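Could you build the full structure based on these sequences and the hints that come with them?
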Amino acid sequence: MFLELKDLHKAYGQGDSRVEVLHGIDLGVQKGEFVVLLGPSGSGKSTLLNIIGGIDPADSGEIIIDGEKMSGMKERQLTLYRRRHLGYIFQMYNLIPNLTVRENIEVGAYLSREALDVDDLLKVLGLWEHRNKVPNQLSGGQQQRTAIGRAVVKNPDILLCDEPTGALDYRTSKDILQLIERVNQIYGSTVLMVTHNDAIRGMADTVVRLRDGRIRDITRNTSRIPAKDLEW
Amino acid sequence: MHNPLHRRFPRELREETGKYLAIFLLLTLTIGFVSGFLVADSSMITAYNESFEKFNIEDGNFAFREEMNRAQRKKIGNAGVQIFENYYADRKMENGSTLRLFRERSEVDLADLMEGRMPAAAGETAVDRLFARNNGIAVGDTILLADGTRLEVTGLVALSDYSTLFSDNNDSMFDSVRFGVGVMTPEGWEQAAGREIRYSYAWKYESPPADEAQERDMAEDLLKVCGAAGELEDFIPRYANQAIRFTGEDMGGDKVMIEVLLYIMIVILAFVIGVTISNTITEEASVIGTLRAMGYTRAELVRHYMAMPVLITLAGALAGNILGYTLLKDLCAWMYYNSYSLPTYVTLFNGEAFFKTTVIPVCLMAAITFLLLERRLRLTPLRFLRRDLGRKKQGGVIRLPAAIPFLSRFRTRVILQNLPNYLVLFVGILFANFLLMFGMMLPSVLQHYQETVTDRLLCRYQYILKVPFDVMDDTHRLRSFLKMMEYSEAIATENETAEKFSAYTLRRPAQNGTKEEEILLYGVAQDSRYVEGVPASSEGKTLVLVSSAYADKYDTSAGDEITLEEIYEDGAYTFTVAGIYDYEVAPAVFLEQKALNRTLDLGEEYFSGYLADTPVTDIDSRYIGTVIDLESATKISRQLDVSMGKMMWMVDFFAVVVFFVLIYLLSKIIIEKNAESISMAKILGYENREISGLYIRPTTIVAVLGMIVTLPPLTAAMQRILKWMMTTEMNGWIPFYLDPKICVIIPALGIGAYAVVALLEYRKICSVPMDEALKNAE
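For the record, the sequence lines run as chains A and B. Each residue of the first sequence is one higher than the one before, starting from 117 at the first, in this note's numbering. Each residue of the second sequence is one higher than the one before, starting from 623 at the first, in this note's numbering.
Don't read these hints as lab results, they were simulated from the structure. Each hint should be verified, as a subset may be incorrect.
[As the list claims (entries may be wrong)] Beta-carbon label-pair distances, calculated as ranges:
1) A:SER187 with B:THR639: 45 to 51 Å
2) B:PHE631 with A:GLU184: 57 to 63 Å
3) B:PHE631 with A:ASP182: 35 to 41 Å
4) A:ARG332 with B:CYS985: 57 to 63 Å
5) B:ARG997 with A:TRP244: 38 to 44 Å
6) B:GLY1307 with A:GLY256: 46 to 52 Å
7) B:GLU974 with A:GLU184: 49 to 55 Å
8) B:CYS1388 with A:ASN248: 29 to 35 Å
9) A:GLY256 with B:GLU637: 48 to 54 Å
10) B:ILE1020 with A:SER176: 35 to 41 Å
11) A:GLY256 with B:ARG925: 28 to 34 Å
12) B:ILE1020 with A:GLU184: 45 to 51 Å
[Stated by the list, open to error] The following residues of chain B were derived to be distant from chain A, with all beta-carbon distances above 12 Å:
13) ALA743
14) SER1110
15) ILE1387
All figures in this text were calculated on a predicted structure; none of them were measured in a lab. Note that beta-carbon positions come from the ideal geometry of N, C-alpha and C, so glycine has one too.
Dropping the structure here:
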């Protein structure tokens, strides 16, 4: 198993205001697998993604990536872990405003010794024409493509996507999903995508449904629906 | 691969030109001035130190009543010294100033020609550069002496034995306005000198002393030889010669203050930059969170955000140093040339100045920004992603009563939101007001002193008599006795306003950080018309009044005991202070004449001077050591005005620049921080004028309040600074005075500078686009 989650617990607040967000999550993910985490707001899916991403610590439980335990890692080790293994895509693109598209992608490339070719990636992402523009000259979809480029350019083992289409319209969302699908297929990255859009589950190998901080069910699709064929 | 984040720097520089330019200019100006000062200071000190050898400065000088004969020369020459004639004559000029004319020197105390040429014919003179400037004399001009003699000025010089223009070594302050020196050809000098020739001789030791202790011993031995050789009128070894030593002792004294000002400025700028960085971190929180989530380390981000301020400081320091070594060095040298008659200097590279103006500021800026960033970036990536940067949890909001009108509450919220900015602004205003007040206070204190000193004098003229050296010659007792008789007759006066008094100078030793100072003791009659209420002393306890200048300068009050020491020998005297005498002109001690004579063992009938309201004209000038009149009482203030007063406009200018830049930067940050809210207010229908009222007025309130509330503590600080200057660096006393006009001018200048900033900020508000608020909602 490439990624193993064992009995993860997480709560926020203290005393009366304490809220248990995750109640013992157990999950295993194979290398190159496309996993969709589905669930309504407050189900704990973003928290789970953040814990896997090493930006939010679990209260208890174990995360093992490629045989390496995350628990007990110091801040610097966690940073190196993210640097070596993870790519992040957020709903709000969080691009650096005074860097061009190309440079924003280079921000990710800089972190890896085995970075993908930025020019090739720009073409794959359909951003070649826009490579010298700064974020506020781009549409939302183009900005999210740039954010995807920034995340995948370092060829991460795991691509964490937190509602990547949450701020986009239907057509642009489909474009972005297709792109993530291609990244998964071309570069073999393991993808964990958080979404509340039920229609997206069809494109995943595994669908994990969360509710109230617990895994409600795990479904394994025998065949994946191409992103372009998804409808909602 | 280079860190792609570095590519933000030139763009940030372009986008934030105003901010970085303001910081850069302020740094350049500050560092330039300090660098210029330090370079000029060290180059000048080197020039001064080298002048001793270069211009063969004397080891001392003495004066005889008559020209020495061959036997006298031989006798003194046998004491291990070389003697050089250095005769002079003090000539009054038509404008009342005194010009001391020397024959051109060729062996000792050489002159440094700074402009023009040396005199070549009778009727020509080369005068001291500083004196010439202070009296509006230029090369080619003609000086008119009081007796009608005309002297053409062929050159401007610095005489190496008059780097400070003390006319009399007993003076507490030099006077480069009313006293100057000049050289002439021997023939010209013979014609111009008149009959009042001072037979002064410079000496150089054949075997130079190893240290100052040996120098003192050698001088004492020589004094005995000279005293025995003739009628000695003056004897000044180099170590006691203020005209030679004062410059060296005074130079470098302002260095610490200037350096402290630089570091205060750097710290203030670092905090301004800190506020800017803080604002950037808030703006870029999600980007920072993303970068951290991607694997960028905290150290990489700290370095990234530190880079610009450190680079700007480095650029400012380098530009400042270039400016310092070129333009500003000359300006600072001009300040020295304004006070002293220094020789030509050569600019020397100063490693210490470079270290202090470049390495320390850059390190200081790096350290402050590092600490701030390290603390701010300690939050988890998730908190950055959630823009949850506050340290306090929600619920800590200060409640404002609903009774307060909405707009006032809004402004209060703006102030509360920007408290760190306003705190830095307040410190900046304090600093700028400090500089402004310092720049304005000194000229006003000096002017006020000069205007009111007439009413403060004990009497119009104080004459301190001088006992010729030969009267005290114990090797020729008979001659000494006869001279004493002659002296006693010569010092009697017919002047009806004259009142005898005993004057004796003791020294107050340096203590608690104060400088050693000579204190004049006035022993006056109990029924004196000039000093009233002198207490009667008993045998065991000597009661005195101290002047209010003494009391203020040395924190003395009635009931205290003061101990004063002999200047040239061992011996200390303790006096009990019975009260304070209202006399602000100088630190002095007043006591009963017989008590003074008894305490100091001077003899019952002893007196050594006259207090008078009209000039005493019937005593030979050679028996008069010092005259304290209006002119001498204003010497300190006049000299301070010449040497420091005229450069105060620079301090004022700098203060206004500091004020302007700080307010500009901080109010700019406030507007930028609220760009989204301003944009939203525009969408809601607020007009630019109304929005300005919300976002600019809080800054106005803080700025104006800051300008006003800092005045009282600064006034108190100024009072202390003046006192500190007086006690640590100067003899005498100038009471503090704050011209009420200053309290109006300072806020007016501040408000003027602020008005310009407010206008710029108003334009900025007008330019905030309405889609600003919509960007992040996309």
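Against the structure, the hints come out as follows:
1. A:SER187 with B:THR639: 45 to 51 Å: holds, 49 Å
2. B:PHE631 with A:GLU184: 57 to 63 Å: violated, 36 Å
3. B:PHE631 with A:ASP182: 35 to 41 Å: holds, 37 Å
4. A:ARG332 with B:CYS985: 57 to 63 Å: holds, 58 Å
5. B:ARG997 with A:TRP244: 38 to 44 Å: Between B:ARG997 and A:TRP244, where Cβ atoms are some 42 Å apart, the hint holds.
6. B:GLY1307 with A:GLY256: 46 to 52 Å: violated, 28 Å
7. B:GLU974 with A:GLU184: 49 to 55 Å: holds, 54 Å
8. B:CYS1388 with A:ASN248: 29 to 35 Å: holds, 31 Å
9. A:GLY256 with B:GLU637: 48 to 54 Å: Check failed, 23 Å falls outside 48 to 54 Å.
10. B:ILE1020 with A:SER176: 35 to 41 Å: holds, 38 Å
11. A:GLY256 with B:ARG925: 28 to 34 Å: For A:GLY256 and B:ARG925 the Cβ distance comes to about 32 Å; the hint holds.
12. B:ILE1020 with A:GLU184: 45 to 51 Å: holds, 48 Å
13. ALA743: holds, 74 Å
14. SER1110: holds, 92 Å
15. ILE1387: holds, 21 Å
The structure does not agree with the numbered hints 2, 6, 9 stated previously, though it agrees with the rest.
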